[in-house]
Amino acid sequence: MSSRWFPCLSSPPPHLLLLVRQQSLVSASIPELLSFSSSTNQNLPRLSTSTLVPPSNDVNVYITTWSVVFQLFKLGPVESVCITVDSETSSKKESYSRGITIRFRTEDESKAFHCAFEQWKNEVIGGSAGECLENGSLLTSRSKFDNKIEAASAKMYFHYYGQLLHQQNMLQDYVRTGTYCAAVIENRADFIGRVVVDVGAGSGILSLFAAQAGAKHVYAVEASEMAEYARRLIAGNPSLAQRITVVKGKVEEVELPEKADILISEPMGTLLVNERMLESYVIARDRFLVPKGKMFPTMGRIHMAPFSDEYLYVEVANKALFWQQHNYYGVDLTPLYGPAFQGYFSQPVVDAFDPRLLVAPATFHTIDFTSIKEEDLYEIDIPLSFIASVGTRVHGLACWFDVLFNGSTVQRWLTTAPGAPTTHWYQLRCVLSQPMYVMAGQEITGRLHMVAHNAQSYTMYLTMSAKMWGAGAEQGGILQTSSCKLDLKEPYYRMSQPQAYAWSQDQQPHQLVHAQDIPIQSQDVVGPGLTPPSQNSAAPLNR
1 MSSRWFPCLS
11 SPPPHLLLLV
21 RQQSLVSASI
31 PELLSFSSST
41 NQNLPRLSTS
51 TLVPPSNDVN
61 VYITTWSVVF
71 QLFKLGPVES
81 VCITVDSETS
91 SKKESYSRGI
101 TIRFRTEDES
111 KAFHCAFEQW
121 KNEVIGGSAG
131 ECLENGSLLT
141 SRSKFDNKIE
151 AASAKMYFHY
161 YGQLLHQQNM
171 LQDYVRTGTY
181 CAAVIENRAD
191 FIGRVVVDVG
201 AGSGILSLFA
211 AQAGAKHVYA
221 VEASEMAEYA
231 RRLIAGNPSL
241 AQRITVVKGK
251 VEEVELPEKA
261 DILISEPMGT
271 LLVNERMLES
281 YVIARDRFLV
291 PKGKMFPTMG
301 RIHMAPFSDE
311 YLYVEVANKA
321 LFWQQHNYYG
331 VDLTPLYGPA
341 FQGYFSQPVV
351 DAFDPRLLVA
361 PATFHTIDFT
371 SIKEEDLYEI
381 DIPLSFIASV
391 GTRVHGLACW
401 FDVLFNGSTV
411 QRWLTTAPGA
421 PTTHWYQLRC
431 VLSQPMYVMA
441 GQEITGRLHM
451 VAHNAQSYTM
461 YLTMSAKMWG
471 AGAEQGGILQ
481 TSSCKLDLKE
491 PYYRMSQPQA
501 YAWSQDQQPH
511 QLVHAQDIPI
521 QSQDVVGPGL
531 TPPSQNSAAP
541 LNR
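According to the UniProt record's numbering, the sequence shown is numbered sequentially starting from 1.
It is worth saying that the hints were derived from the structure and are not from the lab.
Heads up, simulated DSS-like pairs for lysine-lysine below, C-alpha to C-alpha not over 25 Å straight-line:
1) 485 with 467
2) 248 with 148
3) 292 with 216
4) 248 with 259
5) 319 with 485
6) 259 with 373
7) 489 with 148
8) 259 with 216
9) 319 with 489
10) 155 with 489
11) 155 with 248
Taking CB as the label site, the calculated pair distances span:
12) 257 with 322: 54 to 60 Å
13) 410 with 443: 37 to 43 Å
14) 193 with 410: 16 to 22 Å
Ideal Cβ positions, reconstructed from N, Cα and C, are used throughout, including at glycine.
Please work from the sequences and hints to get the whole structure.
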């Protein structure tokens, strides 16, 4: 639905107009500013949610509501308000959104209202923060983060990481925590007497490690409510507390009194890039790190290899069987079977799998945190090329990552590879709805293209191809191509029991064991037109 000024104003006046609409927030209804990006004044009364009566279709209610608003902001008579029409049933070519057009007497009056409204909106509904200046303009603190990330996603993200139970989950990942501790303490020479910035400090554990290693001062930057818990934890360790300052705010927005010699952070999400915190890590580098300063971690690698897993394929395909019912309370569900089948294959699978399921040596894509530009993380394009080790059916692409702590004394690797001690990141697999047959020595090609979206994750586009040999393939083989679109934000968590933290990850990640010949069931489903067999019908893998 488009919006325009209500026709009661033949043309916009020389001073400014505001268009407002109603928006629901939990059980309350509140007006929210849509247009007008410049702003406003100081020392005006604040609105509260109790100030505004719930809007309805009754024009008198709108006028009553805005009469109260005008009285609060001393903006003159209610006659200066015009009510738009509801156009959803209108036959006119032009449509109008239900809202209110306000004509202010002066531009200064308009600025004053807008600034006060923006500040109130930030306090009450989590809008953009701002500060009213003496000249009547609004100094906005909207950062790159706010401009590229959906507000609802950011709110959920910071709420999640503001809870101790989720921090505990990460702290109890002993591979993660132990490797970070070793990387810092064993490279004590890099930290002694240095200024450190902890990007996304969470509980403050990495800041404490840096202080233990002899850092001169650590700035622990944390945007969520976990910042207060970090202060308490740090204060409870008085021998280190005097050298750590917790700074609450986004790294894109906060100001620090000095530059950092070292950045430390745990910015990795599923498949390294989920949650898009790597971008914040890079922004912190550009804002705070001295030239040739160190970053812990220093670089990351996304590893990929084709896999064969009949059990997983049938499990995912079986989920759509619900939609094959012809008489579900008298309703035929089968028209939605095809979309449901494809929908389940749009979810990346997060679990820990046996490395013997891989059918070719892995390739990897490197992201150097010390040099990559933030914009380069908006789209990641990875060409794929593998040589199959065995003849089998390829069900998709398996992915994992590792990161390097390139210290002056010791290099430490933190890997999430299959077969290594399991981490809370596990591994990730993209399952193709149409598997491909390959022979030993055959080339498998493709592309993994990832596009960042404003829900702090990525849309993944995977294409894999291989030539199929056999009868009728005298002209060089028949090209098999299978593709899928996945949302990294919405994975299928297929968790298994984590392995114990058995050894320190201080070496280059080990060479993986590749798949042995895995028997294929010829009756397995190849697309939404066929009914998948029951999970019990799949033969067990030879391990």
